[in-house]
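Using the sequences provided together with the hints, build the complete structure.
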Amino acid sequence: MTRLRHILPVLALAAASALAAVLPAPPAAAQILISPEDARKLGAQEHPKILQQFGGAYDDPQIGAYVAGIAGRLAAQSGEPADSFTFTVLNSPVVNAFALPGGYVYITRGTLALANNEAEAAGVLGHEIGHVIRHHSEQRYDKSVFTNLGVAAGSILGSIFLGSGAGDLIGQIGSTAGGAYLASFSRENEFEADLVGVRLISQVGYGPDAQAAFLQSLSDYSDLATKLAGQAGRDRTMDLFATHPRGPDRVRAAIAEADTHPASPVYRRDAYLDRIDGMLYGDDPKEGVVRGHTFLHPGLRFSFSVPDDWRIVNSSDAVLASGPGGKLQFDMERDRKKVQASRSALDYLTRQWVPNLRLRDAEAIKVNGMPAATGTARVQLKSGGNADLRFIAVGFPTDDILRFVVIAPAGGLAKIEAAMIRSVNTLKYLSEAEAKAVRPLRLKVVPVRPGDTEQAFADRLPFARLKLEQFRVLNGLRTGETIQPGQRVKIVE
19 MTRLRHILPV LALAAASALA AVLPAPPAAA QILISPEDAR KLGAQEHPKI LQQFGGAYDD
79 PQIGAYVAGI AGRLAAQSGE PADSFTFTVL NSPVVNAFAL PGGYVYITRG TLALANNEAE
139 AAGVLGHEIG HVIRHHSEQR YDKSVFTNLG VAAGSILGSI FLGSGAGDLI GQIGSTAGGA
199 YLASFSRENE FEADLVGVRL ISQVGYGPDA QAAFLQSLSD YSDLATKLAG QAGRDRTMDL
259 FATHPRGPDR VRAAIAEADT HPASPVYRRD AYLDRIDGML YGDDPKEGVV RGHTFLHPGL
319 RFSFSVPDDW RIVNSSDAVL ASGPGGKLQF DMERDRKKVQ ASRSALDYLT RQWVPNLRLR
379 DAEAIKVNGM PAATGTARVQ LKSGGNADLR FIAVGFPTDD ILRFVVIAPA GGLAKIEAAM
439 IRSVNTLKYL SEAEAKAVRP LRLKVVPVRP GDTEQAFADR LPFARLKLEQ FRVLNGLRTG
499 ETIQPGQRVK IVE
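19 is the number of the first residue of the sequence shown in my numbering; add one for each residue after it.
If you're looking for bench data, these hints aren't it; they were derived computationally from the structure. Treat the hints with care, as some may be off.
[As the list claims (entries may be wrong)] Listed below are the simulated DSBU-like cross-link pairs for lysine-lysine, each with C-alpha atoms no more than 30 Å apart in a straight line: (1) K446 x K485; (2) K304 x K485; (3) K485 x K454; (4) K245 x K384; (5) K446 x K433; (6) K485 x K462; (7) K67 x K356; (8) K454 x K304; (9) K485 x K245; (10) K245 x K462; (11) K446 x K304; (12) K67 x K304; (13) K446 x K356.
[Said to hold, decoys possible] Computed Cβ-Cβ distance ranges for the label pairs, DEER-style: (14) D470 x N404: 16 to 26 Å; (15) G223 x G504: 45 to 55 Å; (16) R506 x A281: 25 to 35 Å; (17) S449 x R354: 19 to 29 Å.
Using N, Cα and C, we set each Cβ at its ideal position, and we do this for glycine too.
Structure (structure tokens):
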């Protein structure tokens with residue numbers, strides 16, 4: 019999360035001359051609901067919201083140019099005009115890729131980190147280009163989907179609560195991304211995009227099986243993330259499987275139907291590893307970072323921790339934590355007028371933050387010596403029933419107001435409240451030295467030498483749990499596969 023964001027220039031790609039590609043015809047029943055001109059306007063309108071939600075464009079011109087080169091070769095086979103596409107590498111650790119109307123195609127650096135060769139990255143881009151050239155966004159266009167795209171799905175409160183005051187609360191608490199739009203393509207759309215993508219990458223010369231290989235890595239990654247968090251703690255709002263519900267078998271079916279195979283397929287593993295060597299991995303310190311069970315924001319000079327059995331997810335607007343029995347959401351008040359108009363933390367809580375909720379036991383407190391206020395409320399769930407919330411507003415030394423919301427099923431707040439109070443009281447102001455000590459993690463590509471073991475590489479990873487499993491998933495190692503001398507592998511430092 020961050021208060022100020024640098025919106026970086028978007029890499030606009032003019033694809034090379036459009037070649038006559040033999041692609042499957044779109045279904046006869048497909049209906050385009052908006053014109054190409056309106057689609058381009060809509061994509062341009064929503065593009066800044068995507069940048070905001072996914073950390074902006076990744077500020078590495080070499081990575082951007084490299085991805086543009088791959089995507090450009092694919093787009094040139096599509097039969098679309100040269101200026102039909104805009105490709106952006108998003109500065110997000112989330113593993114995802116997607117397309118908006120008007121040819122806006124996005125891939126995250128988290129996706130690039132998971133891929134193990136150029137053909138796999140091309141498969142992801144080819145699939146999204148398939149959505150564009152088959153006009154899937156335009157076919158399912160509904161204006162309401164694009165209303166407030168940036169706050170459509172991710173907020174804990176926004177996704178589950180209705181009732182008195184909840185509407186005001188949803189707009190203030192924050193969100194993770196436009197999931198309502200991203201998860202909207204049908205299975206038929208996904209298969210058609212797979213089919214187009216397979217044919218595009220085959221025509222360029224990549225091995226089409228790379229697309230299925232990447233989805234297997236994605237499946238392993240998703241399973242590991244669930245294992246790390248525990249099923250209750252799994253937040254898949256922006257997960258590529260959540261937004262593109264398809265698996266390796268479905269891509270293999272597309273490969274079989276496409277029936278196109280380059281005579282000498284290329285994968286370009288070494289060239290790909292050379293390009294991503296040194297790429298930012300995980301959170302960007304500008305957005306704050308998760309280190310184990312602690313969240314630190316060097317720019318805003320604070321940190322706090324959650325219990326060992328809770329999982330933290332950092333988004334552009336909020337920090338979300340999930341654990342047994344409940345959830346915790348953290349953000350900060352961005353409206354300086356509300357901060358300045360508040361006479362105290364209690365005044366802010368009751369008059370500015372949640373004025374339309376009837377708070378119980380609202381009172382002034384201290385959080386690690388800082389002035390704060392808290393109160394509880396019961397709200398109605400969309401699914402029926404109720405949930406209990408505790409709100410905590412903290413006056414921070416930087417003249418900001420930091421906010422916590424503890425969320426539990428009705429009657430369940432008491433079960434997690436003691437642990438959550440301890441977490442809130444870990445909130446601290448970082449010294450200049452502590453802030454400077456927060457360094458980004460980066461991918462490093464290293465050779466395997468005789469005597470090297472997977473466990474030795476895994477021990478070098480800066481992760482708290484399941485290091486060996488994380489090393490294997492990062493390198494796309496399947497059951498029964500092991501590293502060999504002369505091979506190059508990815509680690510994180």
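CB of G223 to CB of G504, is that within 45 to 55 Å? Violated: the Cβ-Cβ distance is about 25 Å, outside 45 to 55 Å.
Is the hinted pair K245 and K384 satisfied, with a Cα-Cα distance of at most 30 Å? It is violated: about 36 Å lies between the C-alpha atoms, which goes past 30 Å.
Do the beta carbons of R506 and A281 sit within 25 to 35 Å of each other? holds, 27 Å
Is the straight-line distance between the alpha-carbon of K245 and that of K462 30 Å or less? holds, 25 Å
Proposed proximity, K304 with K454 (alpha carbon, max 30 Å): holds, 12 Å
Taking only the CA atoms, is the gap from K304 to K485 under or equal to 30 Å? holds, 26 Å
Check whether the Cα positions of K446 and K433 lie no farther apart than 30 Å. holds, 25 Å
Can the restraint linking K446 and K356 be considered satisfied, given a maximum Cα separation of 30 Å? Since the Cα atoms of K446 and K356 sit roughly 23 Å apart, the hinted pair holds (cutoff 30 Å).
K67 paired with K304 [C-alpha distance capped at 30 Å]: holds, 18 Å
Satisfaction of hint between K462 and K485, Cα-Cα up to 30 Å: Cα-Cα ~16 Å, so holds.
Tell me if the straight-line CA distance from K485 to K245 falls inside 30 Å. Distance of about 12 Å is within 30 Å: holds.
For the pair we were handed, K67 and K356, check the Cα-Cα distance against 30 Å. With Cα atoms ~24 Å apart, K67 and K356 stay inside 30 Å; holds.
In this structure, the hints that do not hold are numbers 4, 14, 15, in rising order.
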